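Chemist: Fit chain B to the given chain A structure using the hints.
Note that the protein sequences, when read in sequence, are chains A and B.
Numbering-wise, the working numbering comes out as the position in the first sequence, counting from 1, plus 63.
Numbering-wise, the working numbering comes out as the position in the second sequence, counting from 1, plus 1.
It is worth saying that the hints were derived from the structure and are not from the lab.
Because the structure is a prediction, the values reported are computed rather than measured.
Treat the hints with caution; some may be incorrect.
[As the list claims (entries may be wrong)] Partial list, computed: chain B residues near chain A (C-beta under 10 Å): (1) Leu98; (2) Gln101; (3) Arg113; (4) Gly124; (5) Ala134; (6) Asp143; (7) Asp160; (8) Pro176; (9) Ala179; (10) Gly244; (11) Gly247; (12) Cys250.
The C-beta atom is built at its ideal place from N, Cα and C for all residues, glycine as well.
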Amino acid sequence: MTPLLLSAYTASTCLGRGLDATRAALQDGRSGLAPCAFETVKLDTWIGEVAGVDAQMLPAALSRYDCRNNRLALLGLQTDGFDEAVRAAIARHGRQRVGIFVGTSTSGILQTELAYRRRDPVTGALPDDFNYRCTHNSFSLAEFTRDYFGLEGMAMAISTACSSSAKVFAAAARQLALGTIDAAIVGGVDTLCLTTLYGFASLELTSSRPCRPYDAARNGISIGEGAAFALLERADIAQKGSVLLLGAGESSDAYHMSAPHPEGLGARLAMEAALRSAGLATADIGYINLHGTATPANDAAEGKAVAALFGNRVPCSSTKGATGHTLGAAGAVEAAICALALTDGLLPGSPGTESPDPAIAVDYLLHGRAGQAHHALSNSFGFGGSNCSLIFGVVDK
Amino acid sequence: MNALTAWIEGIGCIAPGLPDWPSARAVLRGEQPLLPAPSLLPIPTLLPPAERRRASRVVKVALAVGLEAIAQAGADASTLATVFAASGADGHNCHALCEQLATDDRQISPTRFHNSVHNAAAGYWGIATKAMAPCQVISAYDAGFGAGLLDALGQVVVDRQPTLLIAYDSEYPEPIFAKRPVPDVAGISLLLTPERSERSLACITVTPGTDAVDTLADPALEALRNSIPALRALPLLARLARGEAGSVCLDYLPPMQLTVSIQPC
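Pulled out of the complex, with its shape left as it was, chain A reads as follows (with noise of 0.2 Å):
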């Protein structure tokens, strides 16, 4: 594919809100997890809680789109100056030139959740002011962000579970391939709610410790929010140090609704095909953002394909240990990390593994350590066998 710049971009997660918050996170090897104690749920487990979400309040005139994601969404763009930066590629390129393109997996559900608890006792209907459009549907995040800047153009929401806001990239990149758009706002927002959090429980798939990727005695997830947005433009107006979208693969595992192929080979077939748009062999890549969720089945069939096709010559690490998994919006807050990788020359670290799983051979990084990649691979992986690898790279210093 054509290189394409990330002009601005920005990721909140539990480790704080920004990049400046973040990045300090990442240097230290700490966690934002903590034990859960959100809303109402009553689970043994450790999740990742965005501060200042509650408090987090929608401009009047969109208040129709008022619910957890969207104040998440909010947050998320306006920090690092992202909403300037968007405002400027709007002046430059026009209302209808800007495309969206965001990623979530369960949207603004948490408010259906809440209107079930205040169904009218005798009709059983929900409550006048439960907006299903602007809040549950999976689209809300992409209309209100619409809205939000006053866009005229193209918008979509990609839900592909935990692989939704790394294909956002690709479809973007499709979009300004063919000259539709000349910008886009690509990004992903999840936030917590009970569907997932007593959802991933009946799966047995959460941890009752803070997750530990890669460990050999990994038992599950701790689930994240998160909201994280890139702003993609052509790459001729990048300048040294600039971050550059690269390659992006997509695949299916055509294997099981919730169990990765136990192989790997969609992995590997994304991974592949990401080398492949972006031009690059194994060799290049100098640091793999993995998927890395530490459940036993997703860090064994992930490792696999990451040593198959690249030994255990490059450096590699989950962050979800950091963030917690941030389910729709990891793809996008990985990117963000990766950037921070390649702009920092910073290799982070694994918050809460302490054992290796010796049985998967590759260079995973306990601790995170100095080091200058040229080029980071990100991948998302998410039910229903959806995968993405992303590329990106840093306009040398």
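Modeler: Chain B in isolation, oriented as in the chain A frame:
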């Protein structure tokens, strides 16, 4: 801007009173009246028996319209990239989860949970067809067909990859139905290819713009177009049914609409 051009090799359709593309074609040509009837969903024989029994209405409609387009084209499903576009996931499953999570017993079924994802139909398609190619799953509320068409054309034109577009929607039960009154299940699929072949039915070129949206003269068909998001594609299907060259403007995401020019092969 590159031309957003593709060739159509296969068409699938299920809608209320329109059980497949040949019957939809006859109605859209004016040869048959549209008789009011609920959508008929074939048994998804592609799925293993356990999944077949449990398959939801969104899974059934997506698999059926996808297979209809592929059968018409004589294509191999395992090689095709796919784009699924739907306003929501399985509404009945969503209702059951929300209902249980509002009680003191929140121990939801793991099967219900993994079937709650927006990409459940896409996941079952992959399992059934063994397709390991890229699979996209979009939500755009009422604009799903247009959003799916744009992404599918991206894969056809940029990646030169034959791509199966499957747009579908289904109903919620009460009480969500009152907030999102989609009356029934429906789906439309198009197999789009980058090159013309002996199987090509028509060539389409899509141009985003702000033209006035085409409606359907028959009030019953127009009611379907308005009430089920995937059926925003009906004006395009009407042209394809009549084999007429020309252009139609499809309702997408106001103020942006999609003008589609059609050239039958």
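Chemist: Classify the hint on Gln101(B) as holds or violated, based on whether any CB of chain A lies nearer than 10 Å to its CB.
Modeler: With a minimum Cβ separation of about 9 Å from chain A (threshold 10 Å), the hint on Gln101(B) holds.
Chemist: Tell me if Asp143(B) is really an interface residue toward chain A, meaning its C-beta lies closer than 10 Å to one of theirs.
Modeler: Holds. Min distance 9 Å.
Chemist: Are Gly247(B) and chain A close enough, Cβ to Cβ, to be under 10 Å, as the hint says?
Modeler: Cβ of Gly247(B) sits 22 Å from chain A, so the hint is violated.
Chemist: Mind checking the CB of Gly244(B) against every CB in chain A and telling me if the closest is under 10 Å?
Modeler: violated (28 Å)
Chemist: Checking hints one by one. Is Ala179(B) an interface residue toward chain A, by the C-beta closer than 10 Å rule?
Modeler: holds (6 Å)
Chemist: Next item in the hint list is Asp160(B). Is there a CB on chain A closer than 10 Å to its CB?
Modeler: holds (7 Å)
Chemist: Hint Cys250(B) vs chain A: min CB-CB distance below 10 Å?
Modeler: Where the cut-off is 10 Å and the nearest Cβ of chain A is about 15 Å from Cys250(B), the hint is violated.
Chemist: Do the numbers back the hint for Ala134(B), that is, is its least Cβ distance to chain A under 10 Å?
Modeler: holds (7 Å)
Chemist: Does the CB of Pro176(B) sit less than 10 Å away from some CB of chain A?
Modeler: holds (5 Å)
Chemist: Tell me if Arg113(B) is really an interface residue toward chain A, meaning its C-beta lies closer than 10 Å to one of theirs.
Modeler: With Cβ-Cβ at 8 Å, under 10 Å, it holds.
Chemist: With a cut-off of 10 Å on the beta carbons, see whether Gly124(B) makes it to chain A.
Modeler: holds (3 Å)
Chemist: So, Leu98(B) near chain A? Judge it on the closest CB pair being under 10 Å.
Modeler: holds (6 Å)
Consistency with the previously given hints fails for numbers 10, 11, 12, ordered from lowest to highest.
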